[in-house]
Amino acid sequence: MKQIFAGVLCLATLCICLFTTGCSSAKIAPSASQLKEICELATLECYYHNIAKANENDAQKFLFWSKDKHFWIEYDAVVKFGIDVSELTIDISRRKIKIGLPQAKMLSYKVDSEELTQDSFFVDVDSVKIKAEDEVEAFNTAKKDLEQKVSNDQTLISEATQRAQYLLENYINSITELSGKKYAIEWVYLDSEGNPIKQ
Amino acid sequence: MVFKKLLLGIGKKLHSTAKWIGRQKISVKALLCAAVSAVILICIPTSIALNKHNLETRVTTYLEKIIKINELSTYKMRYGGVATSFDEKDPSKIDYHVSYEADVYAGIDFEEVKVTLDKKTKTVHITIPKAYITDTIIDMSSLDSLFVDKKENKSGITEKQQELCEADIKLEKNHQQTLIDFAEKSAINMLEALTKPIIESLGRNYSVKIERSAN
Chain A
0 MKQIFAGVLC LATLCICLFT TGCSSAKIAP SASQLKEICE LATLECYYHN
50 IAKANENDAQ KFLFWSKDKH FWIEYDAVVK FGIDVSELTI DISRRKIKIG
100 LPQAKMLSYK VDSEELTQDS FFVDVDSVKI KAEDEVEAFN TAKKDLEQKV
150 SNDQTLISEA TQRAQYLLEN YINSITELSG KKYAIEWVYL DSEGNPIKQ
Chain W
0 MVFKKLLLGI GKKLHSTAKW IGRQKISVKA LLCAAVSAVI LICIPTSIAL
50 NKHNLETRVT TYLEKIIKIN ELSTYKMRYG GVATSFDEKD PSKIDYHVSY
100 EADVYAGIDF EEVKVTLDKK TKTVHITIPK AYITDTIIDM SSLDSLFVDK
150 KENKSGITEK QQELCEADIK LEKNHQQTLI DFAEKSAINM LEALTKPIIE
200 SLGRNYSVKI ERSAN
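So the protein lines, in turn, are chains A and W. Using numbering that gives the first Met the number 0, you'd call the opening residue of the first sequence number 0 and step up by one each time. Using numbering that gives the first Met the number 0, you'd call the opening residue of the second sequence number 0 and step up by one each time.
If you are wondering where the hints come from, they were derived from the structure by calculation, not from laboratory data. Given the structure is predicted, the values throughout are model-derived calculations rather than measurements. It is possible that some hints are incorrect.
Stated by the list, open to error - Estimated spans, in silico, between C-beta atoms of each pair:
# : chain 1 : residue 1 : chain 2 : residue 2 : range
1 : A       : Lys-60    : W       : Lys-159   : 29 to 39 Å
2 : A       : Lys-128   : W       : Lys-113   : 56 to 66 Å
3 : W       : Ile-132   : A       : Ser-107   : 19 to 29 Å
4 : W       : Asp-117   : A       : Gln-147   : 44 to 54 Å
5 : A       : Lys-143   : W       : Asp-117   : 44 to 54 Å
All residues carry an ideal CB built from backbone N, CA and C; glycine is no exception.
Please build the complete structure, drawing on both the sequences and the hints.
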């Protein structure tokens, strides 16, 4: 009977101690799913208002007389930059988080051709007459050019990568702050093939 | 006098309760067990509630802190536009078009972000102020002209063209609004990434709601 009584007392004391001291911080811990969610939210959406310029020398020729084709098109595009979450690697051990971070890349690209109106075109007075097919061709070329330019834009790629890294780091620091447990982060930068980049 | 009476009353009550316990033949051990159980029943829920309250307050304060010091507060965009110059004597006639590229910066004032906690609905409300254009820088090397009136193609026109482009970008209200919308969307995404995982870590079905300020 005495033993049971002592046991009850010990259990009660232990329960009180546990609940009064560590209860609040025990449940907060970093999770891989949340790190992935952060990367998805870290997407950088850019709005472009751009001018496509078409310039063709001697588009129309007759003996010694020639005329150029020269006009501009004003159009809008929206480009999304971010980390491809499927390429992100996360390894959480007791107090260390190893993150394999790929470079951000262009995730989607949309040019708004429906917004084009007659006011979107600016034609040089000396230009040959611009036909509908010229406009379509110039617009398609502009689309391809912008896509290539934007997908290789190192400033945007670096900005989107840094944004993801900042938010991931902030999350882990927040968990450290709120749980009272220090988590170390090891960054491994990955190339497009998923291999670590030697620093 | 009243106080003395009250003390006497309490003393009598305690005495009669002790007598009643004595009559019930309750052992000291049983009494102690009951006391310990009472402590557990009262202290643990109180302690949980206090911890929960402290944690909620700590998280709200912490979120406010990280939002205000965040480094990703500006949204930059490369804007390509066309400004048109009209004849001063006959404004229906176009002199020339000038194309330009500009870096436009927009953002919200993160100092104005408010974080409140609704304990009833378990929702953390984050209210953001309206985004605004913070700066516009025209790239002078990008200027290119299409002359309708060829006589306008003369030296010293660059200064006039710069003024024209600066005025044009301010007048492009539709594009400015689109840019502001994108800056707000970017800020919301970032705030969600900053706060949602932390709130979810609490594991008590808390959610985050980010709203634009009405003002």
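- [ ] Would you pick out the hints that fail for this structure and give their numbers low to high?
- [x] Those not satisfied: there are none.
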